[in-house]
Amino acid sequence: MVIGLEHYVILSSLLFCIGLFGALSKRNAVMILMSLELMFNGVNIAMVAFSRYITPVLLTGHIFALFIIVVAAAEVALALGIIVALYRTRESVDVEEAASMRG
Amino acid sequence: MLHSPALITSGDIGLAVAFWVLAGIAIASALSVILVRSMFRAAIFLVLTFFGIAGLYVTLEADFIAVVQVLIYAGAISILLIFAVLFTKDVNRGSTFNKTALLSFLIASLVFVSMVITALTTNWTISAEAAPATTIGALAGALFNRYVLPFEIVGLLLLAAIIGALVLVREK
Numbered sequence: 110m111v112i113g114l115e116h117y118v119i120l121s122s123l124l125f126c127i128g129l130f131g132a133l134s135k136r137n138a139v140m141i142l143m144s145l146e147l148m149f150n151g152v153n154i155a156m157v158a159f160s161r162y163i164t165p166v167l168l169t170g171h172i173f174a175l176f177i178i179v180v181a182a183a184e185v186a187l188a189l190g191i192i193v194a195l196y197r198t199r200e201s202v203d204v205e206e207a208a209s210m211r212g
Numbered sequence: 067m068l069h070s071p072a073l074i075t076s077g078d079i080g081l082a083v084a085f086w087v088l089a090g091i092a093i094a095s096a097l098s099v100i101l102v103r104s105m106f107r108a109a110i111f112l113v114l115t116f117f118g119i120a121g122l123y124v125t126l127e128a129d130f131i132a133v134v135q136v137l138i139y140a141g142a143i144s145i146l147l148i149f150a151v152l153f154t155k156d157v158n159r160g161s162t163f164n165k166t167a168l169l170s171f172l173i174a175s176l177v178f179v180s181m182v183i184t185a186l187t188t189n190w191t192i193s194a195e196a197a198p199a200t201t202i203g204a205l206a207g208a209l210f211n212r213y214v215l216p217f218e219i220v221g222l223l224l225l226a227a228i229i230g231a232l233v234l235v236r237e238k
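So the sequences go chain by chain: W and L.
Quick note on numbering: our numbering labels position 67 of the first sequence as 176, and the sequence is numbered without any gaps.
Quick note on numbering: our numbering labels position 57 of the second sequence as 123, and the sequence is numbered without any gaps.
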């Protein structure tokens with residue numbers, strides 16, 4: 110059985126949806142961060158697979174994946190700062206307890 | 067690798083085996099990240115997922131992206147995440163679901179089914195060209211010619227993120 114583009118796209122959507130489920134259903138802010146990383150990785154697989162099968166010489170998807178990795182690194186650094194600030198004020202990283210801004 | 071089914075070579079079989087093994091590792095450890103109760107084990111499974119995905123990049127002939135994946139994701143980002151895990155009070159049983167877990171599962175499955183249907187029904191224009199043997203030179207050329215403006219902007223973004231993180235964690 111020859112592996113084609115569809116295999117990679119379905120794999121990437123499965124990883125993305127596992128991450129989506131975690132991001133929506135976890136109470137712990139660090140777990141939400143990890144689920145976001147899973148979603149980023151799912152998107153990156155799709156980008157590189159499209160690049161391999163549709164534009165193998167231009168490498169457009171590789172450029173996209175590189176920029177996504179940079180943005181993900183910036184996002185993790187900032188999110189960690191927010192989690193540290195949250196922990197300082199509330200002694201907890203449970204996002205349900207940090208819902209005081211809710212109307 | 068885009069032969070007709072009649073021309074399956076041993077390289078195709080090797081690629082298929084590598085794909086299924088790596089995809090299995092990536093999916094199983096991604097599920098474990100979500101399902102285990104221990105935060106620390108979830109972080110370790112996340113590192114395993116990152117390594118599996120790096121292997122999948124190798125099967126896609128994306129050598130530079132695979133190295134970047136290991137260096138930045140499995141190296142730097144997972145260290146940051148494990149550092150964040152140590153901030154949580156209940157590391158061993160801290161990963162619990164909230165009240166909307168069932169609804170979240172329904173939403174995620176709906177998104178997954180719609181994406182699979184889209185992937186299977188779209189008529190992709192598969193290119194017959196072979197991938198270059200190494201991507202590093204071509205990537206550097208693209209990054210510093212055609213994509214030089216996004217490259218500079220992303221440098222600014224990283225600088226802003228560093229300053230923002232420092233401001234956030236600074237003691238008052």
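Honestly, the hints are just simulated from the structure, not real lab data.
Don't take every hint at face value.
Unchecked claim - So the derived label-pair ranges between C-beta atoms look like this: (1) W:L167 x L:L224: 17 to 27 angstroms; (2) W:E200 x L:G77: 33 to 43 angstroms; (3) L:T188 x W:I191: 18 to 28 angstroms.
As the list claims (entries may be wrong) - Rough simulated footprint, nothing fancy, chain W against chain L, three-plus residues with beta-carbon under 8 angstroms: (4) 103 to 117; (5) 171 to 177; (6) 225 to 233.
Glycine included, each C-beta is placed from N, C-alpha and C at the ideal position.
Consistency of the hints with the structure:
1. W:L167 x L:L224: 17 to 27 angstroms: Check passed, 25 angstroms falls within 17 to 27 angstroms.
2. W:E200 x L:G77: 33 to 43 angstroms: The hint (33 to 43 angstroms, Cβ to Cβ) is violated, given that E200 (chain W) and G77 (chain L) are roughly 56 angstroms apart.
3. L:T188 x W:I191: 18 to 28 angstroms: Violated, at about 38 angstroms.
4. 103 to 117: It holds, with 6 qualifying residues against the three required.
5. 171 to 177: Holds: 5 residues of the stretch 171 to 177 of chain L have a Cβ under 8 angstroms from chain W.
6. 225 to 233: That given contact holds, which follows from 7 residues of the stretch 225 to 233 of chain L lying within Cβ reach (below 8 angstroms) of chain W.
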